[in-house]
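**Q** Sequence:
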Amino acid sequence: YRLSARLDGPTYAACAGHLQDLLCQECSPYAAHLYDAEDPSTPVRTIPGLCQDYCLEVWQKCRSIFRYLSADQELVALENNMAKFCHYLSLEDTDYCFPHLLANQNLNQNLGLVTADAEGCLQLCLVEVANGLRNPVAMVHANDGTHRFFIAEQVGLVWTYLPDRSRLEKPFLNISEAVLTSPWEGDERGFLGIVFHPKFKFNGKVYVYYSVEVRYEERIRISEFRISAADMNALDHGSERIILEIDEPASNHNGGELLFGDDGYLYIFTGDGGMAGDPFGTFGNAQNKSTLLGKVLRIDVNNNDRGPLYRIPPDNPFLDDPKARPEIYAYGVRNMWRCSFDRGEPQTKEGKGRLFCGDVGQNKYEEIDIVEKGKNYGWRAREGFSCYDKKLCTNSSMDDVLPIYAYSHKMGKSVTGGYVYRGCESPNLNGLYIFGDFMSGRLMSLKEDHATGEWQYSEICMGTGQTCMFPGLINNYYQYIISFAEDEAGELYFMSTGIPSATAPHGVVYKVVDTSRRAPPGKCRVEPSPVKVKSRLIQFVPKENLIVKTPTPRPRLKATVEAPRGGQPEPEPPRTPVLDWLDQAPPLPRNRSRTATTPAPSGKAPKARKEGTRRGQRRKKKPPSTAPPLRNGAVRLMEQQGRGRSRGRVEVYINGEWGTVCDDGWNSLAATVVCHQLGFPYVVRASKKAEFGEGTSLRILLDDVQCSGQEKTLLECSHADVGTHNCSHEEDAGVVCSREEVADW
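The opening position of the sequence shown corresponds to residue 44 in the numbering used here, with each subsequent residue numbered one higher.
Under the rule of at most 30 Å between Cα atoms (straight-line distance), these lysine-lysine pairs were calculated in the DSSO-like manner:
| no. | residue 1 | residue 2 |
| --- | --- | --- |
| 1 | K433 | K407 |
| 2 | K242 | K577 |
| 3 | K332 | K433 |
| 4 | K366 | K332 |
| 5 | K586 | K755 |
| 6 | K575 | K213 |
| 7 | K244 | K566 |
| 8 | K416 | K366 |
| 9 | K416 | K392 |
| 10 | K453 | K433 |
| 11 | K244 | K395 |
| 12 | K213 | K577 |
| 13 | K407 | K434 |
| 14 | K242 | K392 |
| 15 | K407 | K418 |
| 16 | K732 | K755 |
| 17 | K453 | K490 |
| 18 | K418 | K392 |
| 19 | K434 | K418 |
| 20 | K242 | K575 |
| 21 | K392 | K490 |
| 22 | K453 | K434 |
| 23 | K416 | K490 |
| 24 | K242 | K416 |
| 25 | K416 | K395 |
| 26 | K732 | K453 |
| 27 | K418 | K453 |
| 28 | K732 | K407 |
| 29 | K586 | K575 |
| 30 | K453 | K755 |
| 31 | K332 | K418 |
| 32 | K242 | K395 |
| 33 | K104 | K127 |
| 34 | K366 | K418 |
| 35 | K418 | K433 |
| 36 | K586 | K213 |
| 37 | K332 | K434 |
| 38 | K242 | K418 |
| 39 | K453 | K407 |
| 40 | K732 | K490 |
I should point out that these hints are in silico values taken from the structure, not numbers from a laboratory.
Turn these sequences into a full structure, and let the hints guide you.
**A** Written as structure tokens, this is what we have:
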């Protein structure tokens, strides 16, 4: 409007549309091409590249508008020379000139979709947000306009982060003395959940969920804290009020999620009490409505400063059942780990209020549920879509709700529920439910088909090639996906670690980014409310790097004394890459660089290799050496044609025999152990599905191998009993190792 005000009436009528079109191209998904901005060596353009016919039309009617659009004096000087003017505004790549690119089907057919690779895997990128955390189990915001975020560690500390990612030295909450946990990898006890009251800005209340030991009995505790009167970035530790405690019969399946719904009530997600198969009572805890275990609870903690600490919402579904606890909102759950309410589509609010949960399975299936009031989610009768307890499963009175999606333990063994993306910065992700698996490290997504009501699955991979080659973006993460989060603006994050121990400071928080389409400049800008800081600030220092996947150079011909028959040596045929989901995000050990680099030339000539004898003299033959006896844990690589050098099927030597390794849980940390053992400093990728052939003549000796990457042999890693497995040789694991730092072919 500011520019169009300078135009007279006839010029406005003829040219205002062109003026708007040209201005809007700064927000085009193809702006980088239109303004020739991909190559930093090209001159800065102030006008998008125009197609020749369009430029001629605009020049004839509206060339005067360009003096208002650009301060480029060279362009203004060419205003009266049509040929030079349009040549100046042309693009070398004519496919991207405006407006023809709008009708180019090849460019526009996937414009509303996330970029996918040849196998349909959605390619996303990450921003490192925080690091050095001890099993970060939750990240929440206060919804108070400050855009702070609060990250909870399993040991019982919660840290305050400002929008610039700096962390306050003083913790927001420290109840580590009270929290029950241990350094054991996989210990499910600890500080598990935190949520701010919807009216926190006015009442200063925060609720937490953690494990405690009371008189040698393990319990889960839900407590209320108030913000400190002296510091808006710290809770008053003396203000704790215990809202609810539930006895835990075992140390696993502790649940841990706390959420406030749009109804203002507090939702609490408990596990079934632990052990395996919910063995408590006739039907298990999850189906027993007289216990709070294996349930989704809903209570009212509003206006509780006087009277009871919580009340029962009047529309809770089992108020009239004398045998049921009135707190129960839904039942039949095993161990829901991470749930979220859908914010709804930004414009229409479609989907708002839906409650998504990931429910961890027993030994076959993981599932995603949409939780609704009064519904039974089937455990222990069902696991996913499959029957677990056949007697219960055939009971028609169960009337249980099936999940919207379930996956087998070939894909992962411990689901981590996520969020429906409703943020601003990555519009193509809108409506995509993004979640993960703790054990396999797999990132996944579901998108609802509104015509059928079914949810369509897509794998998520880390971007390759130029997808993530932007400042601040990375394309790798640590394997153990602990939790997902939203910030105050609705952007999506997840937390993972390389060592799943409550005391190992290897946790990282990542922000999810889709580079295939970004929001228009300025649309997602937020203005955080000021935060009064009394603690020292610790500035954020990123530690992760982009993995640059370099192409394998053509094989060099080996120097020979005598040319082979035929006159010319024949080069080896190029190797064909075999992609699988694991090599998209290899969680290499922290002490190893992730970025592929090429050593700089030193400028010095290579030293001549020292010879042990003069030319013409024969070397003395060394006496034959006897091979040392094989030790337990020795490994070798085998291909279909025989012994592999840097790539092949992994075979391990245990108790006098060679055997193969099942690919359940097989990842690049385990591959690191194998490659290091064989003398290779780098891992290209972990291989699955018998890529290098099936070792059918051998027994399968190892299954469920889980390594940190620091072990000397696979036997030092966590694994099932030797010879115990549920695999076939179609799942033989392999590796690709390298002496150079190359992430993949």
